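S.K.: Protein chains in written order, with the working numbering: chain F, 1 to 566; chain V, 1 to 343.
Think of the hints as simulated: they come from the structure by calculation, not from any bench.
All of these numbers come straight from a predicted model, not from anything done at the bench.
Worth double-checking, as some hints may not be accurate.
[As the list claims (entries may be wrong)] A few chain F residues that face chain V, going by a derived Cβ cut-off under 10 Å, partial list only:
(1) GLY79
(2) LEU205
(3) ASP407
(4) PRO510
(5) PHE513
Cβ atoms here follow ideal geometry from the backbone N, Cα and C, with glycine treated the same way.
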Amino acid sequence: MTGFQTSTDNARARGTRRFRLDPWTAGAFVITAIVALPILTVLAAAFFPTENIWPHLWETVLPGYIISTLELMAGVAAGTILIGVSAAWLVTTCVFPGRRIFEWALVLPLAMPSYVVAYVYTDILEYAGPVQVMLRDIFGWTTSRDYWFPEIRSLGGAIVVMTMTLYPYVYLLARSAFLEQSSGVGEAARTLGCSPWAAFRRVSLPMARPSIVVGVALVLMETLNDFGTVDFFAVQTLTTGMFNVWLVMNNTGGGAQIAVVMLIFVIFLLVAERVARRKRGYHDTSTRPRRPVRFELRGGRMALAILVCAIPILIGFVVPAGLLISYAIEFYDVSLNNRFPQAAFNSILLAGLAAGVAVVIGLFLAYAVRLRKSTLLRNLARFASLGYAVPGAVLAIGILFPFGAVDNAVDGFMRGAFGISTGLILSGTIVAVLFAYVVRFLALAYGTLEAGLGRVTPHMDDAARTLKHGPAQALIKVNLPIIRGSMMTAAILIFVDCMKELPATLLLRPFNFDTLATYVYQFASDEMLEECALGALTIVAAGVIPVILLTRVMGRNRPDQEISVV
Amino acid sequence: MKYRLLAAAALMAAPMTTTTAASAAEVNVYSYRQAVLVQPLFDAFTKDTGVKVNVVFANKGLIKRLQAEGRNSPADLVFTVDVARMSDIVNAGLAQPVKTAALEKAVPAEYRDATGLWYGLTLRARLLYTSKDRVSKGAITSYEDLTDPKWRGKVCTRKGDHAYNIALLSAVIGHYGEAKATEWLRGVKANLARKPQGNDRAQVKAIMEGVCDVAVGNHYYMALMLKNEKQKPWAASANIVFPTLAGKGTHMNVSGVMMTKHAPNKANAIKLMEFLTSKKAQGLYANVNNEYPIDPNVKASPLLESWGKFPRDTVSLDTISKNRATALKIVNTVGYNDGPVTN
Numbered sequence: 001m002t003g004f005q006t007s008t009d010n011a012r013a014r015g016t017r018r019f020r021l022d023p024w025t026a027g028a029f030v031i032t033a034i035v036a037l038p039i040l041t042v043l044a045a046a047f048f049p050t051e052n053i054w055p056h057l058w059e060t061v062l063p064g065y066i067i068s069t070l071e072l073m074a075g076v077a078a079g080t081i082l083i084g085v086s087a088a089w090l091v092t093t094c095v096f097p098g099r100r101i102f103e104w105a106l107v108l109p110l111a112m113p114s115y116v117v118a119y120v121y122t123d124i125l126e127y128a129g130p131v132q133v134m135l136r137d138i139f140g141w142t143t144s145r146d147y148w149f150p151e152i153r154s155l156g157g158a159i160v161v162m163t164m165t166l167y168p169y170v171y172l173l174a175r176s177a178f179l180e181q182s183s184g185v186g187e188a189a190r191t192l193g194c195s196p197w198a199a200f201r202r203v204s205l206p207m208a209r210p211s212i213v214v215g216v217a218l219v220l221m222e223t224l225n226d227f228g229t230v231d232f233f234a235v236q237t238l239t240t241g242m243f244n245v246w247l248v249m250n251n252t253g254g255g256a257q258i259a260v261v262m263l264i265f266v267i268f269l270l271v272a273e274r275v276a277r278r279k280r281g282y283h284d285t286s287t288r289p290r291r292p293v294r295f296e297l298r299g300g301r302m303a304l305a306i307l308v309c310a311i312p313i314l315i316g317f318v319v320p321a322g323l324l325i326s327y328a329i330e331f332y333d334v335s336l337n338n339r340f341p342q343a344a345f346n347s348i349l350l351a352g353l354a355a356g357v358a359v360v361i362g363l364f365l366a367y368a369v370r371l372r373k374s375t376l377l378r379n380l381a382r383f384a385s386l387g388y389a390v391p392g393a394v395l396a397i398g399i400l401f402p403f404g405a406v407d408n409a410v411d412g413f414m415r416g417a418f419g420i421s422t423g424l425i426l427s428g429t430i431v432a433v434l435f436a437y438v439v440r441f442l443a444l445a446y447g448t449l450e451a452g453l454g455r456v457t458p459h460m461d462d463a464a465r466t467l468k469h470g471p472a473q474a475l476i477k478v479n480l481p482i483i484r485g486s487m488m489t490a491a492i493l494i495f496v497d498c499m500k501e502l503p504a505t506l507l508l509r510p511f512n513f514d515t516l517a518t519y520v521y522q523f524a525s526d527e528m529l530e531e532c533a534l535g536a537l538t539i540v541a542a543g544v545i546p547v548i549l550l551t552r553v554m555g556r557n558r559p560d561q562e563i564s565v566v
Numbered sequence: 001m002k003y004r005l006l007a008a009a010a011l012m013a014a015p016m017t018t019t020t021a022a023s024a025a026e027v028n029v030y031s032y033r034q035a036v037l038v039q040p041l042f043d044a045f046t047k048d049t050g051v052k053v054n055v056v057f058a059n060k061g062l063i064k065r066l067q068a069e070g071r072n073s074p075a076d077l078v079f080t081v082d083v084a085r086m087s088d089i090v091n092a093g094l095a096q097p098v099k100t101a102a103l104e105k106a107v108p109a110e111y112r113d114a115t116g117l118w119y120g121l122t123l124r125a126r127l128l129y130t131s132k133d134r135v136s137k138g139a140i141t142s143y144e145d146l147t148d149p150k151w152r153g154k155v156c157t158r159k160g161d162h163a164y165n166i167a168l169l170s171a172v173i174g175h176y177g178e179a180k181a182t183e184w185l186r187g188v189k190a191n192l193a194r195k196p197q198g199n200d201r202a203q204v205k206a207i208m209e210g211v212c213d214v215a216v217g218n219h220y221y222m223a224l225m226l227k228n229e230k231q232k233p234w235a236a237s238a239n240i241v242f243p244t245l246a247g248k249g250t251h252m253n254v255s256g257v258m259m260t261k262h263a264p265n266k267a268n269a270i271k272l273m274e275f276l277t278s279k280k281a282q283g284l285y286a287n288v289n290n291e292y293p294i295d296p297n298v299k300a301s302p303l304l305e306s307w308g309k310f311p312r313d314t315v316s317l318d319t320i321s322k323n324r325a326t327a328l329k330i331v332n333t334v335g336y337n338d339g340p341v342t343n
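This is chain V alone, in the form it adopts within the complex:
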């Protein structure tokens, strides 16, 4: 009985026990982005080209997997959000440069690596959500305003060491330097309504609940909440504000793609990269995820278009990833995750 079970298992497992590299029409992807977000794009790609896309999704540790697998890694491409994580992969020597005319044409220079080690695919703005009932329009317009004592006990954010907040803090460091950025985060912490918790959407929900008046969150959550029956009231309770940083504009981060150092299916991988930056895929991405297309010539989703144009912050993505380690230290030094208690 046991043997029969083992035999059956071996049979089932057989196709999975070898991950040997290149085979006909395939491309292998390690994705930090959830399958539900990227799968529609991969399906469209397969339909167009006949190239099959194999995916492993994990939200943590894929860099380590790539590192451990070394030159025999089956992965061709890595999908991820947050520029700092892309630098991690570059710094670990796990990426290889790709340069094609199509890629360089579609992706503006500020949203790709100069040597072609990574390309941005979508843009995400970090916004302020404010209570419709309790915050008048124009009462808060910048990230700096978050430290204003008039918001004492009224600000909600997710944890300080989450990648989105770290990137924002890195941009603050980029403008003001470490000392002033520490002061800024202390000010935000002093204004917190509660201990940082939950995801970005949970902060907007807290606005509806009356726990706080101002929250920090990425822009596409507004779209996601509007699509979800249960979360519609959360969205309805808040206005969005495109804040400025140092008078410049709204902090933006990218989601992107990069080719691995040892990619076994290089040609197909380039095909997929070019597909993802094509007008067709950019339009699809924009409408599935409600992120801003990386290609300025592709329209965002109708909802995002209705929010209008806004100035973007000027700190380069490079600086943002370089400041990450400092940003994390500031979060720990300030004790941000302990919440509004004074220390």
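Excised from the complex, chain F in its bound form:
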């Protein structure tokens, strides 16, 4: 324990951050090294290609991929900010009918896999779907050449679908930021002559900006790694391009090179996010617990507020869920076979385990960074989070090779030394799948917990130290109870995302093994939405419950109450 204390002292003495190999630093190094393995594997493939098709890609399709990826990201960012921030502001600062329901219901679309939403809207809006059939009946058109109707399978369609399933990230983070702002700040702005709108624009929004940026960064990483939706909508992004070069054409070098272009996008995003967080110079220093004062909306404004909150819920959740339910009832006998319960069990088990492991690791990293205040450690932790932005199938390949190498090395050693073969210990097991989930979603845990710890004033650590607690005890006794909410948030986000994860599961899983997502996929890939409706619905249901829990947790997580707990 004394070793801990000296190094803490060193770290505290600013300017003399001497590098020391204590358990926290060493642990962080080991963890990031393991978690970064898949990405390093991909990088290695990019820089040592067997057949270099980079010049060809650059001359032909790559510029197009980059442009449409940027357009997609810009559209989704704009859409999610618009919906997420305005809805969050309305439910935290205004009073209007339905507010309490909207508060949690706005998160529901998070439980919907975007590829399912994409299928549903194609079903509804395509030529043979109910909307166009009705229009033709009304106006007497006969073929698609008689009228214009927006093509759902397009860049615009992809932007809408992804906005509607991803805006909850921005909403959640913006909402908790608005909740954390003591109403005192807003009131002060009002007494200084600000209108409610001006108070929002000049005080609340700038204070919430770092959280909003974090939310948008998450959204954009999800946008970047999505394959299902863009492929279905025939949008040529970096991800679809990479899949074709790498997995269809079997050109590893070329695929990995496109992956590197994607990583550059991500690093840019992460830097932007950091810059936004660094400028977070605003702290609300009041410690008095205060109930937020909300202003009541009436008439037109009330109606507008209701619309702003209701439309995203309708489009992102109610309509797709409704269609799935009707299909599930109609095709009940087709979809429910004996593999279904086992698949559901597997999904919940794996998602639960992954959430637990990722939160523990994320906490360790975030706390090590906080303790050591080392830029090197912080950058390492960020590098380890890159997995979030890498498409699942690519991540899976990045896992296959190191795991295979370890397995074969152990086997070779055992054969040589003892004459027994250990075969594959990790490859093709649920350990590999679990590892993929943790690597993929560690960013959610680390990001959320880093932010959570950031809100705990360093005085708390000092107080723990005066009680002769070492860093580990300080973490458990002081910090953990305060950031419990952040931990729950991280665990739930990861759980829901793992339930939806498809490509890595598909490639890494053991023999005869299904999760709900792979179970659904065997039908969905044939565009047989009806047959997979029940499975898809189960994924959604398994996500909805934690998502509702999540809003509860975050509602309780206001600093005024946190402080009263401590």
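We have chain F; now place chain V onto it with these hints.
M.R.: Relative to the frame of chain F, chain V by itself:
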């Protein structure tokens, strides 16, 4: 609580954490083909022989898994469609030759590797679907006709870099060479009605919707659409044409099976390979999937029989897989996936 959960998980996971090689009566399959398509055959095999078939299905990346697992890979057989993918596995040194009298008797020489590294199991024809209302019979008879200016704005296909289209383009290269094949694809692109999207069935649906008059698609989708209540009208809106290439015949590709280099259950794997090429399994395959049996002595499904006989293209499967890289480059150079916009 957490510990109890972990313990329970460990218990559940225990049977899955070891994939050690050979055990009594098993054979392990990596399948690029969907479980719903191959499972009935495996069930029949298990019923006949008592050998259990374990399957991992993934439509992407199984080669990488095989490569990474190396000599300890539990996989015995790989099931896949598209000859080029089989060559990938061969070229990566991940296959081993199998030669038995039964296999060589059932599978014609042009649909298997000369050294026994892979065997075709079924055949798939790449057809033209034409609008019943708007295209008269005989108006289009060849893949070359797809570039005729009279079809401007009337052709639909899935994406150019999909394996099925790449294989067709590889056959075109086989007949005409790279330069002329590029010209051909430019011509098809110029005639597209919309940006390439969706699967083969979605193209036929587009015919029903009046978006296009001619579409390219594999033959068994016709059968699949006829079986599906919702898709019947799509099928009803289109005729099928068995087109010729360079005056020869219709472009065919195979689905096939191959044994992995390090197969731990070799004997059972051979049993399964022979079963799949047997008359019984070929008949089952033909009727489940509506693909053409590889064994010319086995009848296709009644529907396919009703379409009659047709000449097949003469470019060898070998050439098709060799031309793949060139084909992909042509697709990119032409910008096929951008759709009918001129560039």
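S.K.: Of all the hints numbered above, which does this structure not satisfy? Sort the numbers upward.
M.R.: The structure breaks hints 1, 2; every other hint is satisfied.
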